[in-house]
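K.L.:
Join the two chains into one complex using the hints; note that each chain is given alone, in its own frame.
Take a look at the letters that make up each chain.
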Amino acid sequence: MSTWKALTGAQAVAEAMRQANPDVVAAYPITPQTPIVEQFASFVANGIVDTEMIPVESEHSAMSCTVGAAAAGARAMCATASQGLALMWEVVAAVPGLRLPIVMPIVNRALSAPINIHCDHSDAMGATTIGWIQIYSENAQEAYENTLLAIRLAEHKDVLLPVMVMQDGFIISHGVENVEVFDDNVVKNFVGERKPDRYLLDVDHPYTIGPLALPDYYFEIKRQQEAAMENALKVYLEVGKELSKISGHDYPYFEEYKTEDAEAVIVILSSAAGTAKDAVDELRNEGKKVGLIKPKLFRPFPYKEMRKALEKFEAIGVLDRSMAFGAYAPLYTEVRNALFESENRPKLQSYIFGLGGKDIFKSDIKKVFDELLSGNLNPEEQRYIRLRG
Amino acid sequence: MATLQEIMAKPVGLASGHRMCAGCGIGAIVRTVLAASDKPVIVANATGCLEVVTTIYPYSAWKVPWIHLTFENAAAVASGIETAYRALRKRGKIDKDVNIIAFGGDGGTYDIGFQALSGALERGHRFLYVVYDNEGYMNTGNQRSSATPFGASTTTVPAGTKSFGKPQWRKNIVEIAAAHRIPYAATAADHNIIDLYNKAKKALSQDGPSFLAVLQPCTTNWKYDPALTMTYSKLAVETNFWPLYEFDHGKLHINYKPKNRKPIEEFLKGQGRFRHLFKPENKPIIEKMQKMIDEEWERLLKLEESGAVL
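These protein sequences, in sequence, are chains W and F.
Under the working numbering, the first sequence is numbered contiguously, ending at residue 534.
Under the working numbering, the second sequence is numbered contiguously, ending at residue 314.
What the hints contain is simulated information worked out from the structure, not anything from laboratory work.
Please read these numbers as outputs of a predicted model, since none were measured by experiment.
Glycine included, each C-beta is placed from N, C-alpha and C at the ideal position.
Check each hint, because a few of them may be wrong.
Taking lysine to aspartate or glutamate and the EDC-like style, the derived pairs with C-alpha atoms no more than 16 Å apart in a straight line are [what the hints assert, rightly or not]: (1) W/K379 with W/E450; (2) F/K238 with F/E270; (3) W/K511 with W/E450; (4) F/K67 with W/E450; (5) W/K457 with W/E488; (6) F/K100 with W/D347; (7) F/K97 with W/D195; (8) F/K100 with W/E459; (9) W/K453 with W/D515; (10) F/K94 with W/D195; (11) F/K97 with W/D342; (12) F/K43 with F/E242; (13) W/K434 with W/E516; (14) W/K457 with W/E408; (15) F/K43 with W/D347; (16) W/K403 with W/E459; (17) F/K97 with W/E338; (18) F/K255 with F/E309; (19) F/K94 with W/E338; (20) F/K205 with F/D42; (21) F/K273 with F/E242; (22) F/K255 with F/E308; (23) F/K43 with W/D349; (24) F/K97 with W/D349; (25) W/K433 with W/D423; (26) W/K511 with W/D423; (27) W/K512 with W/E450; (28) F/K97 with W/D347; (29) F/K238 with F/E269; (30) F/K67 with W/D347; (31) W/K512 with W/D423; (32) W/K434 with W/E450; (33) F/K205 with F/D252; (34) F/K261 with F/D211.
Sample of chain F residues facing chain W (criterion: CB under 7 Å; computed from the structure) [as the list claims (entries may be wrong)]: (35) P69; (36) I71; (37) H72; (38) L73; (39) I85; (40) H195.
Just chain F, with the same shape it has in the complex (with noise of 0.2 Å):
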């Protein structure tokens, strides 16, 4: 098992210098994951805040072998790479062992690409897909995606005098990856680096394609103090609100039980896309969370306890 000093030591192919907001949270998921790879390489990005911010052409962050192409293909493309892998081995052109990783915010792995998600896990290809998951499209001003939360203000869901932000609940984007009977799906978490970093391992060790859905505080579009993007990505997992687990060939493990789950209200607070929640008259909506939040978390229990093959 590596330390925290070990993993943060190792060399990545992600260059400091890129231009993520101050405060960002998709640098620690990308190294830590690039940091798990013990070979060669090589990205595929979807359209969104990391292409963005890493790429602005004359420069690149990118010290490994790294395409984009559009917002809803990055699946789709990494399918391709790992194909052209395959063939080019066969054919003695190439010889090297690599690791092809995907790259896609939420609204390009749970919206828009979800369809080419679904047909490369189906497929099969040997590849990790990772979404940084800011529950919203927040490279263009937090625009409501289908991992968009219960009750966040967005600006095409804004909350308003007869709105409260989202009517639903997010898409469970692991347990659909899962139930495409892929060797190996889970979340993590932006401030446990260990845990993303050992799941990263083992989603790289599969024989087959591997899911990894990242939660990623974002500073500009959750609105909350720039220094508090570990914080909150803690405070996730301690109210339940982002649970820790993995599908490990279909079955569930729960990597993380709070002990005292902290009540809702400590995540939402201070976050300026729930502010409106802490009005009186949607005091019912906070409660509404809380239900359904605790209510999943017994699912999972008993979903573990049984141990079913999803």
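Looking at chain W on its own, in the form it has when it is part of the complex (with noise of 0.2 Å):
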């Protein structure tokens, strides 16, 4: 039986991570993910898991404990944002080489300087080159649901690759939802138990894992990382229908609101997608045809998919809130890049928004739909929603 719970996505993500009850958690507080720490420590200090978990001294550290516990066999997590991922990020790029299946939950927050807490995607954003599958969630259900999926998907023996799943910070890790939360028991079926083909602690079949590879093999290694990427876009479709019949959702590559008839969409990643559908639904009313696609895997990104679903709209708007400075803002250039192929391109227009939590409103939402239908678009220019001049 679901119960229903009135949480914040960092709880929902932690009621996740309750259920999977792992092995390890090695972890370190940063704003805005803090409340996942506090709050699963207190299920360990209650005994409501019985879950090792490290308190680490730095984000460094934490992913390198996860990264010892993982592969000395156990299921191990990590949670972190910002500033935290970065000062991991050396650790961190170096997993999905060793094909450890950590999943670790991104509270998204701005990266310094200045220094900011507040939400974007520049923190995961600038990981999106070295091998992790990164989910999105809108909302706190789907950042439970993504953490739950995550688990399988990493350990599936076809990928062997980290997670990240991402949700956004204080908009969603900080806001309460009505948070659907499955059975206990038919969770713990549906993650199962971590069976690692080869652990340290097997200590009667010893392997060598991290040796150095010089220029004779490690392009090598690269490449199977990569096949291992291409089967995850399989793999994520295959465990999403699995946790369909838990849940009664669906887990597409992305989400598709309103689009059948649309002439104008955007796109737009995360908890900014259900602002927009507000607007989506009023602009609707006034018989206006438009509509939104919410990406939900990232990485790898589903590029045949994007084209199939895009290239029959006549103008795209793409909103990303992060900015690649002095290249096409990340969303937006996976966006042009599923577009290349098709031969019938529709016209496409880039906007910033929400960079270090600025609001975004239904209001700025409508705008860019005006501006799409209008066709003033520059598929070369930027825009920058809601920037004080």
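P.N.:
Here it is as structure tokens:
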């Protein structure tokens, strides 16, 4: 039996971790991820889980401990945000090459400088090229379900890659929602137990993990890592289908909202998609043919499927909550890439919004749609929403 | 007490055929520490000479479970392994006793790995951390570390017309480790295998973190005849350049007191990194070094005599 609980996004992820009851959790508190660590620590302190938790002295050691535990054979988890992800980056980048299935919730927060504790995606978008799977969540419910899905995806024998599960800092992590928490035993059966083929604590079968690899092998090892990413596209859908049986929800690569006959759509990640859906509803009531696409799986990026979904529209606005400074914004870049092979390329427009937690309103989204429908677009220009002059 | 022959006869987890330099002192340290464990061993290795020479893919000299992650986190990786061990044991997934040993060079320990080491010691994980201390970044060609001794010429603080090499003395890593109130921290040296073996045994018997700093002469970058590694290790101890001592639950015991302390020149001569000190104008530098060594020795004697707990 599912139960409905009033939970913040941070608590929802902690619920997923409680139900998965990992062997080891190593984490360092960082705003706005801290309530995940605090909530999970209280589960440990009260015997609600029997996880061994390591309260480390830095994020660098948080990920290092998590890697040590995962290599030793444990199901090991970590969680971080922003500066924490930046500090542990060296180790984060090593995890995919070691093929360790670590799941790490990320509470997206702007990167310094200037220092800012509020939401944008500059932390996770800086880590899109190193081989972590990335799933973005719109709300607490999605963050909860994506965390469960991520465990199975990471540990699948054809994948064996780490996964970041994103939620927006404060907007989701600290906002209370009504969250459907699935039955403990049902979740326990779904996530199962990690069964590694090789692990350090199997002392009768010693193995070497993390050796030096020179030009004769490094490239080949990295190619295998890419093959695992390709497999992740398929496994994501398979695991999603299994989770659907429990949740009743679908787990597509991206959500398509009122797009059937749309002329203009926006592509947008995470919590702002919720605001944007309201704007779409209101514009639909006014008879405007508008819709929305919300990518969930950002790495690996489903180029073919995205092209097929997007090429039928006349105009597309891509709203990024981070910049790539001197290049097209991350989500916009992928949308452009996806459409390059299309014979019927829609008109595109790149928008930047919400950096450092700046709010975005329905009225802003409506203005974007007005622009898209007006045809006043320049695909080589980056436009800024709610930026003060 | 094991004899040298008995220690050397023990099967250990590091195979021959690795790629250490001729005359390298690391092999003897690793073999001796591994021989001291009567339980299966899991090794976490920092980036450095030992990792590079034992594992070039697809080969591995390790016959025990072994992991290398990055440079500065062997202590954190060992923390994770030790925690996984407790978790899986509690859940009945494994049943064997093991010893977890981290190996790092001085760069990965005194410098870049210092925070991870301190964190692991403070949290009290049951593991042994061994630093093979060759007094600088020797894997990459002799750059200065905070373990590099006063007066040594390195590529990043070279001796020159306005420099006599490193102007600072080394960081006191063993006392810093002991100050975390861990059960056992000690120095050891490459040539004294029995002392190292006994210390490793003692360290592995503790119910908490333990720490060994083992002096490892480096033929390649200290620049001496490769046949003389053990000679230089011995001279380091006979000159009090590298005293042998241990902190057992915070209490100092000096394991070896040279009857006639040799002058520091005996250790310095023949090493390329100290060659410049023998120029007449650098005589005061050697005198200063001698004074620092003698003062440090006096301090250790007094600390031992006081019976104080660190």
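K.L.:
When you check the alpha-carbon spacing of W/K511 and W/E450, does it fall within 16 Å?
P.N.:
violated, 26 Å
K.L.:
Does W/E408 sit within 16 Å of W/K457, going by the straight-line distance between their CA atoms?
P.N.:
Cα-Cα ~8 Å, so holds.
K.L.:
Does the alpha-carbon distance linking F/K205 and F/D252 stay inside the 16 Å limit?
P.N.:
Roughly 13 Å between the alpha carbons, so the hint for F/K205 and F/D252 holds.
K.L.:
Taking only the CA atoms, is the gap from F/K67 to W/E450 under or equal to 16 Å?
P.N.:
Violated: F/K67 and W/E450 sit about 47 Å apart, past 16 Å.
K.L.:
Given the hinted pair W/K379 and W/E450, is their Cα-Cα distance within 16 Å?
P.N.:
holds, 12 Å
K.L.:
Once the shortest beta carbon distance from F/I85 to chain W is found, is it less than 7 Å?
P.N.:
holds, 4 Å
K.L.:
Would you check the hint for F/K238 and F/E270, treating anything up to 16 Å between C-alpha atoms as holding?
P.N.:
With a Cα-Cα distance of about 11 Å, the restraint between F/K238 and F/E270 holds, given a limit of 16 Å.
K.L.:
Starting from F/K100, check that the Cα of W/E459 is at most 16 Å away, please.
P.N.:
violated, 65 Å
K.L.:
Verify the proposed pairing of F/K94 with W/D195, using a straight-line Cα cut of 16 Å.
P.N.:
holds, 9 Å
K.L.:
Straight-line Cα separation of F/K43 and F/E242 no greater than 16 Å?
P.N.:
violated, 34 Å
K.L.:
W/K511 and W/D423: Cα distance at most 16 Å?
P.N.:
Holds - the C-alpha atoms of W/D423 and W/K511 are around 10 Å apart, at most 16 Å.
K.L.:
Quickly compare the C-alpha distance for W/K403 and W/E459 to 16 Å and report which way the hint goes.
P.N.:
Given that 16 Å is the threshold and the Cα spacing comes to 15 Å, the pair holds.
Hints 3, 4, 8, 9, 12, 27, 32, 34 and 40 from the list above are not met by this structure, while the remaining hints are.
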